[in-house]
Amino acid sequence: MKSVIKLILKASLVGTLSLSLSVQSVYASPSPISVPIEVSDSNDDVNAKKVFAIVSKDEQVGTLNQIGEYSKTIYNLIKTNNWTEAKHHLSLLKAVSDSFKTQKGRTDVNLAKLDSSITVLQSTVAAKNHQAMCDANQVSAIAAQLAMQLEPKMPLEVAMLDYYGRELEIWAADKNTARLKNVAGKIRETWEALRPAIQSHGGSPQLLKFDDTLVALVETASSPTEYSLLAAPVQGEVNNLRKVFQQ
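To convert, count from 1 in the sequence shown and add 5; that's our numbering.
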């Protein structure tokens, strides 16, 4: 098993490592997260199409990105037990979600999943249950997958790598090695799907940092401590991946 010191030195190549990001394991084991999003090709009625056309796709993507950012903020606030601010940001998230439903002008199965996940998050935040970290992360994933249906410039895989970085934190705190290995496999799978787009956008430095350093370390990690140390660098490097598509 690699020494923790060697792991920290390697991880520092891709970003500042913050040991304070580890989560206290003070909550019950969260239930596995599964957020399949269905893309509907069915024709809407004429009136629904007219309402939907009021707001552009770019504006809808912007609203969904805002939902994702609020959910990540809530995640970090819960991690530090700042429940008051978490509740405040949750009310903001709910307002933006309601606005998005107005923008779309209709209710469908995907919006129902978003609504359901926010309702669950409201319940766990109200109970001050650290399961809310999982619930906030799930909201971010659903928002990203909804945005993907609107053909955004940012690939879905970028948001999902960020999502899996937070999963590393969650399951490392829970000392669930089996779950961590599963997340490591998802990170590799998601990265392989993203690599061609990164390369076509001239992101060679990002390819080297993420592939040769981070993904390799995540794949060979063998303890919750090692996975925990890699969670922050993974999330930090995702910010550099985003810049590739913002140029």
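Calculated from the structure, these hints are not laboratory results.
Among the clues, some could well be false.
What the hints assert, rightly or not - Derived DEER-like restraints, expressed as beta-carbon distance ranges:
1. 244 x 89: 37 to 45 Å
2. 209 x 88: 13 to 21 Å
3. 64 x 227: 28 to 36 Å
4. 245 x 62: 21 to 29 Å
5. 85 x 121: 35 to 43 Å
6. 93 x 245: 26 to 34 Å
7. 197 x 128: 35 to 43 Å
8. 97 x 197: 19 to 27 Å
9. 180 x 64: 19 to 27 Å
10. 191 x 156: 22 to 30 Å
Where a beta carbon is used, it is the ideal one built from N, C-alpha and C, also for glycine.
Here's how the hints hold up against the structure:
A beta carbon spacing of about 27 Å between residue 244 and residue 89 contradicts the range 37 to 45 Å that was offered as a hint. Checked against the given bound of 13 to 21 Å, the beta carbons of residue 209 and residue 88, roughly 43 Å apart, lie outside it. The hinted window of 28 to 36 Å between residue 64 and residue 227 is violated, with their beta carbons roughly 46 Å apart. At about 26 Å, the CB distance of residue 245 to residue 62 agrees with the hint of 21 to 29 Å.
The supplied range of 35 to 43 Å is broken by residue 85 and residue 121, whose beta-carbon atoms lie about 26 Å from each other. Checking the proposed 26 to 34 Å range against residue 93 and residue 245 shows it holds: the Cβ atoms sit about 30 Å from each other. Against the hinted window of 35 to 43 Å, the Cβ-Cβ separation of residue 197 and residue 128 comes to about 36 Å, which satisfies the hint. Between residue 97 and residue 197 the CB atoms are about 36 Å apart, so this pair departs from the stated range of 19 to 27 Å.
Taking 19 to 27 Å as the suggested C-beta distance range, the pair residue 180 and residue 64 does not conform, at roughly 43 Å. Between residue 191 and residue 156 the beta carbons are some 23 Å apart, a value that agrees with the proposed interval 22 to 30 Å.
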